[in-house]
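We have chain A already, so just place chain E on it with the hints.
Protein chains in written order, with my numbering: chain A, 1 to 156; chain E, 1 to 156.
The hints are simulated quantities; they were obtained by calculation from the structure and are not laboratory data.
The model shown is predicted, which means the values in this text are computed figures rather than measured ones.
Among the clues, some could well be false.
[Claimed, not checked] Simulated pairs of lysine-lysine, DSS-like, Cα-Cα distance not exceeding 25 angstroms: (1) E:17 x A:18; (2) E:77 x E:149; (3) A:10 x A:120; (4) A:18 x E:18; (5) A:17 x E:17; (6) E:77 x A:77; (7) A:61 x A:120; (8) A:10 x E:17; (9) A:90 x A:152; (10) A:61 x A:97; (11) A:77 x E:120; (12) E:10 x A:152; (13) A:17 x E:10; (14) E:10 x A:18; (15) E:18 x A:10; (16) E:18 x A:17; (17) A:10 x E:152; (18) E:10 x E:120; (19) A:77 x A:149.
2 protein chains.
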Amino acid sequence: MTIRLLSIGKTQNDYLKKGIQLYVDRLQHYARIEYMELPDVSQNGLTPAQLKQREAELILKNLRSDHLLFLLDEFGKSYTSREFAAFFQKQMNAGTKALVLCIGGAYGFDATVHQRAVGKISMSQMTMPHELIRLFLVEQVYRAHTILKGEKYHHD
Amino acid sequence: MTIRLLSIGKTQNDYLKKGIQLYVDRLQHYARIEYMELPDVSQNGLTPAQLKQREAELILKNLRSDHLLFLLDEFGKSYTSREFAAFFQKQMNAGTKALVLCIGGAYGFDATVHQRAVGKISMSQMTMPHELIRLFLVEQVYRAHTILKGEKYHHD
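Next comes chain A alone, as it looks inside the complex (with noise of 0.2 angstroms):
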């Protein structure tokens, strides 16, 4: 299986590429990972609703038929760590092929995104900053990962 870490916009905190780099470095031996940050969309006199539109053109621009999209959100459904590797082994269970998990931008996503989405996964209640969301997320898939294969990564 595959999975595709997919967000909008580059990172522009360099601590914040050095941790993401880390993480994604570090998965490769547990997954075959994509992870792939689209260019930003110039806000230039758009209002949110125009930027979220043009961000799920791109995002849907950059899906193939057969992923199967998760939308990070934080009114997704909430996981603890062990149980988001239970997500990760049910989808490699029901012979997923390739896995998207999408952060959108600082607005959210727009109706078309959240229409092809399968699932919403909340990493938290709190809003936190889209570029921070990603390591916070890459730590995660990678944490789900030792705990599939037993390593002692994570305590309860």
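Coordinates of chain E only, in the frame set by chain A:
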């Protein structure tokens, strides 16, 4: 009101140090912030229970009797970012002089620390590395204060 962010062990990862410092610097303009990292307790030959005991001694030694202690704990109360802002407002309204938000070590807190605390706050149901929670926490404390000031940093 003074807000002390207290954690155990020096942050090892440079990228996290940078991110934490960035938000601590910004926070200085909003609140009296004391960001404190207590020295690491050597894990050599200690069981997790013993390690938590040593950490507890260190934490308790760094609290004054007027410190109102809250623990960061994945089994604590969940807040949205707006509710977290309201939490700080409520403490200020109640005349709290010194608030402490404490992040434990890799195995969580000893019972003596739980007994000293007045509440538990969960940033996420997911288990994060305790160094990463520091970054997440300072960002949320910063976000809470921008919300209280009516600034534009936070979008719902």
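To see whether the hints hold, each was checked on the structure:
1. E:17 x A:18: Within the cut-off at roughly 12 angstroms; holds.
2. E:77 x E:149: Holds. Residue 77 of chain E to residue 149 of chain E sits at ~24 angstroms (cutoff 25 angstroms).
3. A:10 x A:120: Judged against 25 angstroms, a Cα distance of about 22 angstroms means the pair holds.
4. A:18 x E:18: Cα-Cα ~11 angstroms, so holds.
5. A:17 x E:17: 14 angstroms, holds
6. E:77 x A:77: Holds, at about 17 angstroms.
7. A:61 x A:120: 20 angstroms, holds
8. A:10 x E:17: 21 angstroms, holds
9. A:90 x A:152: Distance ~21 angstroms between residue 90 of chain A and residue 152 of chain A Cα, so the pair holds.
10. A:61 x A:97: 19 angstroms, holds
11. A:77 x E:120: Holds - the C-alpha atoms of residue 120 of chain E and residue 77 of chain A are around 22 angstroms apart, at most 25 angstroms.
12. E:10 x A:152: At roughly 22 angstroms apart (the allowed maximum being 25 angstroms), residue 152 of chain A and residue 10 of chain E satisfy the hint.
13. A:17 x E:10: 21 angstroms, holds
14. E:10 x A:18: 19 angstroms, holds
15. E:18 x A:10: 19 angstroms, holds
16. E:18 x A:17: 12 angstroms, holds
17. A:10 x E:152: 22 angstroms, holds
18. E:10 x E:120: 23 angstroms, holds
19. A:77 x A:149: 24 angstroms, holds
The structure shown violates none of the earlier numbered hints.
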